[in-house]
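Using the sequences and the hints, build the whole thing.
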Amino acid sequence: MQSMLPLSLTLSPSDGAREKNCVMRAHFAISDSLAPSDGERGNIHRLPGRTPFWARPTASSGWKSADTLPIANRRYSRLKVCATPDAGSARRVPFISALRLAFLCVATPAALALTPFRLNAAEAVDESKLPPPAAVQIDFDRDIKPIFEKACFRCHGPERPKSSFRLDTREAALKGGDHGVDIIPGQSAKSPLIHYVARLVEDMEMPPEGKGDPLTNDQIALLRAWIDQGVKWSSAPTGPETKIQFTVTPTIRWITVNGDERRFREHYWVQDGWSGGVQDFRFEEKLGEGERFTAEGRTFFGAHDYQLKLSLEKRDFGFGRFGFEQYRRYYDDTGGYYRPFATNSFDLGKEMFVDIGRAWVEFGLTLPKWPRMVLGYEYQYKDGSKSTLQWSDVIADRRDPDSARAIYPAYKDIDESVHMLKLDLSHEIGGVLLEDNLRAELYDLETQRVSRFPFTLGAPIPDRAFRYNDEHDHFQAVNAFRLERQLRDWLFLSGGYLFSKLDGDAAFGLSAFTPSDPSMTLFVGDIANQILLERRSHIFNANSLLGPWEGLSFFAGVQNEWTREEGFGQGFDPDFPKTFASDRDKVVVEESFGLRYTKIPFTVLHADAKFQQESIDHFERQFVDDTFGDDRDFLRDTDATSDLKDYRAGLSISPWRRTSLQAGYRHRLKQNDFDHSRDTDGADFSGNGYPAFIRARDVESDEIEAKIVAHWVSWLKTTLKYQLIATDYTTAADPSATTILEPVLMDVTLPGGRTLAGNYDAHVYSFNATFIPWRRLHLSATFSYSDSRIVSGVDNGAGVVPYSGDIISVLSSANWVVNEKTDWQMSYAFSTADYSQKNETAGWPLGIEYERHGITTGITRRCTKNITTNLQYGFFRYDEPSSGRRNDYTAHAVLASLMISLP
Amino acid sequence: MNNWRISAAVMLGALGFAGLFLSSCSTVNRAVIAPPEIEGATFVGNKVCADCHTNITRVFAASPHGRYYKEDLEWAKMSGCESCHGPGSKHVQVGGGRGRFIVNPGKDPQSCYQCHLEVHAEFNLPSHHPVTEFRMNCVQCHDPHGHDIMKPSGGLAMARLNESCAQCHREQAKPVVFEHEALREGCTTCHQPHGSINRKMLIQADNNLCLKCHAQVQSGAGQVVIGKSDHTTRIRGRTCWTAGCHPSVHGSNISPHLHY
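Protein chains in written order, with our numbering: chain Z, 15 to 917; chain B, 26 to 285.
Take the hints with a grain of salt, since some may be wrong.
Derived list of chain B stretches under chain Z, where covered just means 3 residues or more per stretch with a C-beta under 8 angstroms from a C-beta of chain Z [said to hold, decoys possible]:
{"hint": "1", "segment": "105–113"}
{"hint": "2", "segment": "148–161"}
{"hint": "3", "segment": "187–200"}
{"hint": "4", "segment": "261–273"}
Think of the hints as simulated: they come from the structure by calculation, not from any bench. Because the structure is a prediction, the values reported are computed rather than measured. Glycine included, each C-beta is placed from N, C-alpha and C at the ideal position.
In structure tokens form, the structure reads like this:
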């Protein structure tokens with residue numbers, strides 16, 4: 015039994031303005047209501063398929079069988095009786111109600127005074143124009159729900175309902191929205207909803223024009239009968255409301271590696287050996303209407319892979335979230351390889367990995383008509399040791415410096431932490447969306463790099479090792495304010511301002527020690543315990559997007575950035591005190607333009623242009639207090655300017671429904687000029703040589719891209735793509751004189767001038783085919799071939815030779831639904847590259863040549879409604895002849911999991 | 026021997042196809058659904074998406090993806106919102122909601138791989154960001170809609186060079202006294218962000234990486250002078266960043282020549 019006493023007053027402008035902006039209604043309603051349950055969430059149960067089994071299936075590629083995707087069978091029940099009329103309003107805190115009342119008291123007379131409103135009360139509707147109620151017993155699921163799904167939920171569902179009016183639950187439907195009560199049980203002729211769908215109220219026709227077809231008289235008659243019969247919700251027999259859903263997937267994994275197991279870990283981001291735990295768990299409980307608690311995560315012991323995410327949400331109120339996650343990044347400790355040394359590559363015999371993690375908590379407020387606020391804190395960290403490419407010399411003959419090759423491995427210990435506070439606000443006022451994002455972070459970093467050299471072939475250990483200790487901490491605050499507004503249907507404007515401030519300090523220390531006894535310091539090198547760093551940035555941004563004609567849109571934006579960086583330090587070099595400093599003032603102005611045109615049949619045209627002008631006032635100096643001048647003392651003042659022009663144009667054309675062709679061209683040219691107004695050193699030479707030696711540097715690039723997509727038939731789709739990239743690097747230097755060491759010691763004059771410092775060309779061909787011969791079998795394969803070559807201006811045929819070669823990458827998968835309970839998956843990934851170089855005699859061939867295979871196969875079987883088992887096997891092989899086969903490995907892996915889901 | 030192997034392969038293939046054929050004839054109602062497909066859903070067109078996601082759709086034309094964006098329903102599968110998020114009819118029917126009958130490419134890159142084939146292939150190379158391992162996703166670096174100020178990559182947001190990378194690689198992006206001017210050109214001057222055959226995702230593994238910018242006119246053949254310093258011997262057995270020469274490639278607080 016419901017009762018309702020409507021007292022409604024609708025004010026709408028007589029000029030026909032749209033309802034959302036110009037209709038105000040004050041209402042007071044008393045009602046009883048039956049609360050339906052939420053519709054079931056469209057959960058997707060994923061099957062491990064295309065994803066390699068060592069990855070987390072929780073976020074797997076989403077391959078799934080149809081029967082594992084429960085269609086939202088929204089079940090409405092009458093489990094909950096709410097006798098609170100307009101319960102949402104009643105629950106609001108008093109001061110919000112007071113604000114609303116005050117707003118109504120002020121806004122209503124003001125609106126009446128300022129706007130030619132007319133009274134548009136429900137009584138004004140000519141009810142005789144309404145179709146009569148249908149003379150049938152209404153079944154909600156059969157008669158009403160399809161109408162709502164087709165015509166109403168698009169705007170009046172649970173998420174972002176227009177005019178705050180929802181039709182997804184009975185309680186919400188009876189509560190009404192911004193315009194008051196819309197459904198009066200038992201009185202369809204008086205219910206505004208019927209007036210709207212019958213299109214009897216000007217500017218309130220539902221669905222609005224362009225948002226759906228008007229309801230037919232038969233549909234309106236059904237709605238009337240439904241209201242007259244008491245607004246009964248679902249009549250379908252439903253079981254108890256699903257309040258709790260729980261899924262857990264215990265998993266065990268075993269991986270064995272023959273060969274370079276550390277390289278395997280680095281490639282696949284997993285630990286070999288036994289590991290196990292919970293690959294995935296998820297718990298969800300519906301606490302009430304719009305209230306939900308979820309917990310999800312994973313715990314993989316042995317792999318140091320953890321995640322926990324907790325969330326408590328209440329619709330139209332707010333949320334609280336907490337999370338923690340960590341994974342481990344592995345590194346190989348092997349160095350380089352030089353075949354003439356006739357020895358294997360060197361390694362450090364050190365397990366190297368970095369744990370990367372973060373923990374966060376955030377609270378959000380999502381009250382309707384209030385600014386959306388999110389306040390959060392996040393802690394990020396990296397902790398461990400990683401290999402570096404800063405390899406050290408290995409010497410074959412101490413008397414011949416040319417016999418050295420830098421192949422001895424190096425590493426770095428890292429301890430990094432970030433504490434970050436964030437505050438996000440967004441709100442729409444008068445059609446203007448305002449956003450503010452604040453980030454304040456405290457950053458702390460300590461690293462120690464270790465390099466050992468020189469190492470003489472045949473010696474037991476390197477002669478010595480160097481420690482480079484870096485410390486850095488800073489506080490940075492960034493605030494970005496942004497606003498945007500759709501000013502007209504054809505005009506959108508946005509703009510913003512970003513301010514960033516960083517203050518930090520750093521320290522550095524270099525020392526050498528004996529590898530056999532790291533506690534024994536041989537000598538201390540450069541030290542700087544006091545380094546101060548500052549950075550300030552201001553960025554302004556203004557944009558417009560215009561669409562004055564149908565199918566044509568044009569956007570233009572301008573951005574201005576000013577950044578100042580300063581650094582100052584004091585230390586020792588290594589025996590004399592020294593000071594050093596730098597500051598850089600950067601001004602960047604960037605203009606961007608874009609054009610899209612879609613009205614040519616089957617065609618989209620686009621053109622973009624970006625221009626950027628940058629000027630940097632760059633000052634550096636260093637002074638070593640050693641009573642004599644040398645090139646360690648220097649003073650440099652450079653005015654650097656750059657000019658960027660970036661053009662793109664292209665089209666997408668689809669002359670046939672199943673085929674589309676995309677093609678585009680891009681030309682990018684960045685020209686840098688350097689004016690060194692001061693460049694002196696302590697020896698009174700004009701110019702310290704580098705970098706105040708480069709006068710100009712241009713980077714010019716052309717790119718062509720073409721793609722053809724063909725849906726030949728419903729079961730076959732192919733995509734073919736081609737890219738060409740060609741880039742030239744041109745450098746101009748001053749003429750100068752210097753002394754060279756080879757072929758004989760002599761003074762030479764460098765002529766200076768422009769030279770093609772580098773030339774890079776690449777062709778990339780990609781192809782994908784998706785083949786579905788039966789609806790239960792899905793085959794897909796992606797093939798990519800690239801051919802690239804870079805030649806630098808120093809191609810002396812010995813030390814430096816072109817870096818050129820080709821890469822082939824193949825990814826394929828097959829998913830087969832074997833029967834009602836069993837699925838089979840298989841995937842194969844392959845890549846190979848040949849960038850081998852032949853300059854062993856006078857150089858060091860660093861080009862890589864390798865072949866990598868990975869094949870996985872698995873079966874998933876649903877044993878019962880609640881239990882699914884999965885068994886997978888993987889085989890991996892890696893061959894790298896260019897490393898002297900030091901990095902080769904073969905691996906086998908087995909994974910078994912059991913997914914238990916409730917209910 | 027070879028004939029025996031060929032016969033065995035043919036037999037296995039025939040058995041496989043026979044299994045598939047027999048399986049296809051049985052009364053199994055299930056089907057494989059691959060993202061961004063959504064079982065039972067149909068395309069509704071971009072205008073329907075715009076009803077609720079106005080803040081995104083109204084600026085989308087200015088985004089990089091907007092270059093191939095077309096409003097017509099018949100294009101929805103190939104160049105509309107639903108080409109990435111899947112057909113939206115069921116999402117609309119249930120009144121929307123996060124994750125309700127809609128594909129989120131931020132959680133699953135399969136939608137992105139449909140068009141970015143070469144990127145998918147790059148993630149298959151030995152040195153790559155862990156996207157295929159699901160420890161990263163595409164939207165951590167890219168803003169597909171072009172309006173997120175905290176993830177600048179085109180569109181109407183405030184794009185700032187290297188900021189996408191600096192979100193995680195703070196150490197490399199932190200301020201220093203003596204910078205390496207290469208960072209002004211962007212991280213991608215030296216690194217291939219999706220994946221590379223070279224460690225540390227370097228574009229080149231040898232000195233070409235540096236010399237493409239640092240080469241200058243020499244006074245004689247075979248000579249390698251950089252600035253005023255003869256590097257002819259040095260670069261034969263070393264890269265620029267090894268042997269303690271210029272290892273601080275991201276800038277240094279103490280050495281203007283990036284020695285350490």
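Tested hints:
no.: 1; hint: 105–113; in the structure: violated (count 0)
no.: 2; hint: 148–161; in the structure: holds (count 8)
no.: 3; hint: 187–200; in the structure: holds (count 4)
no.: 4; hint: 261–273; in the structure: holds (count 9)
In the structure shown, a violation is registered for the earlier hint numbered 1 alone.
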